[in-house]
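Chemist: Sequence:
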Amino acid sequence: MISEFSDLPQSADGDAQARNWLVCLKSGEATQRHLDALADWRSTESNEQSFRRAVRLWDDLGPALVGARVPTGLQAVSGPAIPQPGVSRRWVLGGMSGLAAAASVALFIGGTPVPAGARVIETRKGERRNFQLEPQVSVELNTDSRLFYWADAVSPRIVLDRGEAVVSAAFAGDRSLLAQVGVVDVRAQAARFLIRSDGDAARVACLDGALTIRTGGRDYRLSGGMEADFDGASLVPQPAEVSESELAWQRDILQFTNRPLGEVVDELNRYRPGQVYVMGDALANVRITGIIHLDRADLAVDHIARSLGMTVTRLPGDIVILRAS
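Sequential numbering of the sequence shown, starting at 1, is according to my numbering.
Simulated from the structure, these hints should not be mistaken for lab results. Just so we're clear, the structure is a prediction, and the values are computed from it rather than from any experiment. Please note that a few of the clues may not be correct.
[What the hints assert, rightly or not] What follows is a list of derived Cβ distance ranges for each label pair: (1) Thr-257 <-> Pro-135: 34 to 40 Å; (2) Val-154 <-> Gln-132: 25 to 31 Å; (3) Asp-198 <-> Arg-251: 18 to 24 Å; (4) Ala-190 <-> Gly-117: 38 to 44 Å; (5) Gly-262 <-> His-293: 16 to 22 Å.
For every residue, glycine included, the Cβ atom is placed at its ideal position computed from N, Cα and C.
The whole structure should be built from the sequences, with the hints applied where relevant.
Modeler: Listed below in structure tokens is the structure:
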């Protein structure tokens, strides 16, 4: 029963419960027990209708939120729930439950605060864009990524807040670019390189030229065609050759060789709407090889399922559950 899950806010209102369920599913943190409980909850007609209304609300909010900035700090909210610019659909769906309980409440609107003086460039899920930050600095930003940029006459700086970017720097003389991802500082004068943030981990790949990398109080040199991973604990990263698959997204494909299914699905979830879940560690650890065309991501999900003999369950909101048959 739903009452087993203390982490899901409870409400006697079916529509409020449906919003809580949808927030849980969209968070990417739902477990097998959540999914089983949701199926039990949706078994009644009234709850099923509430769930479908929540999905329609989620979908309808999308166009209104495109390109909006995320405000930070504490904001007082009174009266009916009116989506404000930059408020995420997760906040609206979850916050509406709280607004129903009181006429006036204070809510914290999440999101990384924008540092003073920074220019913000970002992409939505499934979007990839090119930016010319200044004549000597350009960036290709991958899906669902965010980057801060500070112009400077001597040392312009970028910070990758999340996601992945290919950066090109073309300086002469004393000028150079400082790029930061996690606890890693990358110094580039004339180079093209990739930076990626995966939570506490970071990846730097030098595509052309050479980079000076500083982390943990030590300096490293990375030459063209080499990459290194940093997990915050390793003092001496081990450079490796840049894999062709690293930049496959620039050609609108995902390319993977002998990768665990769970990792492939995690990567796919960065590009497609909704969320794909793989149920069971044994299935998630099955290794697969192939190419996914990003404009046909859902077809790839079905193809993987058929190849591995899995069952596919589709829920509203582009949620897909893969299980062993």
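Chemist: Could you run down the list of hints and mark each one as holding or not?
Modeler: Now the hints, each set against the structure:
A hinted range of 34 to 40 Å holds for the C-beta pair Thr-257 and Pro-135, which are about 38 Å apart. Remark: the range hint 25 to 31 Å for Val-154 to Gln-132 is contradicted by a beta-carbon distance near 20 Å. Restraint check, Asp-198 to Arg-251: a C-beta distance of roughly 21 Å satisfies the suggested window 18 to 24 Å. In this structure the supplied range 38 to 44 Å is violated for Ala-190 paired with Gly-117, their Cβ-Cβ distance being about 26 Å.
A hinted range of 16 to 22 Å holds for the C-beta pair Gly-262 and His-293, which are about 21 Å apart.
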